[in-house]
Amino acid sequence: MSNAEDRDNKRVETDEQLMAAFTRGSADAFSGLFQRYKAPVFGYFCRRLEDRSQAEELTQDTFLAVLRAAHRYEPTALFRTWLYAVALNILRSHRRKAIFRAMFSGKTAEHDEPLAVSFVETELILREAVGKLDPAEREVLLLREFEELSYAEIALVLHLPINTVRSRLFRARTALHDLLAAPKSAGRQLVRAEEH
Amino acid sequence: MTTLSHPVAPEDVMALIDGELTAGEAAAVSHHIENCAECSALRDRMRSTSQSLSDWAVPPAPETLDATFQTQLAAAARNSKLLRMGSGFNLRNWRIWAVAGGSAVCGALALVVFTTSISYYGEHAAAKPQQLMAYMEPDSASAGFAMASRAAPKTRTVEPVAPNDKQWFSQAGAKVGIIGGAGGAPQPQTPAGAPMIARTASLTILVKDLDSARSGMDAILARHHGYSAELTISDEAPSRGLQGSLRIPASDMDAAVAELRAIGRVQREKQAGEEVTEQHTDLVARLANARETEARLRDILANRTGKIQDVLDVEEQISNTRGEIEQLEAEQENLEHRVEFASVDVELIEQYEAKLGGPSTSISNQMRNSFIAGLRHAGSSLFGVVLFFEEYGPVLLLWLILLGVPGMLIWRRYRRG
Numbered sequence: 001m002s003n004a005e006d007r008d009n010k011r012v013e014t015d016e017q018l019m020a021a022f023t024r025g026s027a028d029a030f031s032g033l034f035q036r037y038k039a040p041v042f043g044y045f046c047r048r049l050e051d052r053s054q055a056e057e058l059t060q061d062t063f064l065a066v067l068r069a070a071h072r073y074e075p076t077a078l079f080r081t082w083l084y085a086v087a088l089n090i091l092r093s094h095r096r097k098a099i100f101r102a103m104f105s106g107k108t109a110e111h112d113e114p115l116a117v118s119f120v121e122t123e124l125i126l127r128e129a130v131g132k133l134d135p136a137e138r139e140v141l142l143l144r145e146f147e148e149l150s151y152a153e154i155a156l157v158l159h160l161p162i163n164t165v166r167s168r169l170f171r172a173r174t175a176l177h178d179l180l181a182a183p184k185s186a187g188r189q190l191v192r193a194e195e196h
Numbered sequence: 197m198t199t200l201s202h203p204v205a206p207e208d209v210m211a212l213i214d215g216e217l218t219a220g221e222a223a224a225v226s227h228h229i230e231n232c233a234e235c236s237a238l239r240d241r242m243r244s245t246s247q248s249l250s251d252w253a254v255p256p257a258p259e260t261l262d263a264t265f266q267t268q269l270a271a272a273a274r275n276s277k278l279l280r281m282g283s284g285f286n287l288r289n290w291r292i293w294a295v296a297g298g299s300a301v302c303g304a305l306a307l308v309v310f311t312t313s314i315s316y317y318g319e320h321a322a323a324k325p326q327q328l329m330a331y332m333e334p335d336s337a338s339a340g341f342a343m344a345s346r347a348a349p350k351t352r353t354v355e356p357v358a359p360n361d362k363q364w365f366s367q368a369g370a371k372v373g374i375i376g377g378a379g380g381a382p383q384p385q386t387p388a389g390a391p392m393i394a395r396t397a398s399l400t401i402l403v404k405d406l407d408s409a410r411s412g413m414d415a416i417l418a419r420h421h422g423y424s425a426e427l428t429i430s431d432e433a434p435s436r437g438l439q440g441s442l443r444i445p446a447s448d449m450d451a452a453v454a455e456l457r458a459i460g461r462v463q464r465e466k467q468a469g470e471e472v473t474e475q476h477t478d479l480v481a482r483l484a485n486a487r488e489t490e491a492r493l494r495d496i497l498a499n500r501t502g503k504i505q506d507v508l509d510v511e512e513q514i515s516n517t518r519g520e521i522e523q524l525e526a527e528q529e530n531l532e533h534r535v536e537f538a539s540v541d542v543e544l545i546e547q548y549e550a551k552l553g554g555p556s557t558s559i560s561n562q563m564r565n566s567f568i569a570g571l572r573h574a575g576s577s578l579f580g581v582v583l584f585f586e587e588y589g590p591v592l593l594l595w596l597i598l599l600g601v602p603g604m605l606i607w608r609r610y611r612r613g
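Sequences listed follow chains Y and W, in order.
Take my numbering: the final residue in the first sequence is number 196, and no numbers are missing along the way.
Take my numbering: the final residue in the second sequence is number 613, and no numbers are missing along the way.
Please note that the accuracy of each hint is not assured.
[Stated by the list, open to error] So, partial list: chain Y residues that the calculated Cβ filter (under 7 Å) puts toward chain W:
| # | residue |
| --- | --- |
| 1 | Q60 |
| 2 | I99 |
| 3 | M103 |
| 4 | L126 |
| 5 | F170 |
| 6 | L180 |
Think of the hints as simulated: they come from the structure by calculation, not from any bench.
The beta carbon of each residue, even a glycine, is placed where N, CA and C say it ideally should be.
Could you put the whole structure together from the sequences, leaning on the hints where they help?
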């Protein structure tokens, strides 16, 4: 690595600067981006897919796609927004392929909603509740809660008006609150019945 | 919760938690929430929902992810292959293969269509006339003959240049002679046993000046000892034209047509040949029979005696036979004339050139005419569309049902993902 590249890596801090350094030829810059985002992107797929190995595979695909499409990256957009847009496209493509394969293999397609991979009760309840949300609203909710994207960033990723993002997020949170409240009340009723 | 009782929307309460409001908006909403139990409860619900979700943990990213990615990145850094894959040509990209495959199929189809048309035109517009010319032309190398020209004596020997040639007239030493009986009309020079072909051609030529083109055409006719069987000149706007049916000696036809082509720009050309050998042979045979019958009847009339009625009957028979002979001779002559003189239909069209200072119609008339023409065009195009759908509509509908419905279902299922 040249001295100039070393100086670049020391100086760059933001995602966008790392991307710029990568497009100039610094492989370490992209490694830095990968280290920053591998866990969030893996979590993104884990919350949306039932199979962890598939989540891992799609995470690899996402970074590979970013690597290939680096020349198309516009510094005017935040890298994070762009990365999640790429991840979303890969997820959609994966789902389309799964449904298409299922049409011919006769097997049922992979569930659209995330399923349990852990039997911890809280997590199970959360997964089930989130899985019951409307897919469009769920996507907004997950991007906000876990990927911590702003409304404007979500609007960019999903190609939606910002007001639609707000209203969908509100409906999703309200629906999720109701869904999460229902099992608790049901559980409390069950406990009371056992006490009697 | 209504906007009448709450100056802030529920989404604003949510946005406050998410930090999506400006400082001013945030202050206003916070102030309202402090004084509104309902909005305060909503804020708590939203917070608790977000808090609940934070319990949803995912496993850490596996280490294998690092290893795989580092390998890919190393490969990219080594030869920039991955970067090139995104920016340029990539053989693993299915789109490139799809485009290449589509182009190949289109190219193959175009090639098939092109070669089919070439072979069609080659067979029907070029090869056939060439074959015919080979039969007709005295010095055609392809026919393998050194034949006498039209001006040569009527009987001469034709010597084959290529003895192995299995063409029509490969009989060595075949005589070129007069076809038909003695005392008939002048006969075309055709080798005995060779096909008799009546040649025709039609030319549409665009010329700059009709008058000079006509002079040129007349000169060509005179040069080749031809004549004009019919000539029509049209002087109507927007461009003048001439239609002529020319008769040119068959042996001179190619040269004459070549000279006619030079008059202007050829828009359309067609050449054809009709073989009339069988028709001619039949005529000759019938004529010979008729002449023989006539001779026998004359012999009967001269040498036999009998009743007057019998003599009258024989004379009537002779008269009928004579009429038949003359009719057959006329047919034969006509047929041979068609063989001897090729028919060339020429259409000369003068290029339209607008002239300054010419008679002009008024603007209102021009506008009216244009409007009527426009209406007519609109009507004809509409009618054309109706005719098209009438003709191809059922087929399109059939294929739309056969392919469109399953395609739409597949696409819907595909998009559902």
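Checklist entry - Under the criterion of a CB-CB separation shorter than 7 Å, is F170 (chain Y) in contact with chain W as hinted? => result holds, 5 Å
Item to check | Interface hint for L180 (chain Y), Cβ within 7 Å of any Cβ on chain W | outcome: holds, 6 Å
Next on the checklist: Hint L126 (chain Y) vs chain W: min CB-CB distance below 7 Å?
Outcome noted: Since the shortest Cβ distance to chain W is 5 Å, the answer is holds.
Checklist entry - Can we keep the Q60 (chain Y) interface hint, with Cβ of chain W closer than 7 Å? => result Holds, because the Cβ-Cβ distance from Q60 (chain Y) to chain W comes to roughly 6 Å (cut-off 7 Å).
Item to check | Interface restraint verdict for M103 (chain Y) against chain W (beta-carbon cut-off 7 Å) | outcome: This interface hint holds because 6 Å falls under the 7 Å limit.
Checklist entry - Does the interface hint hold: is I99 (chain Y) within less than 7 Å of chain W, judged Cβ to Cβ? => result holds, 4 Å
In summary, this structure violates none of the numbered hints.
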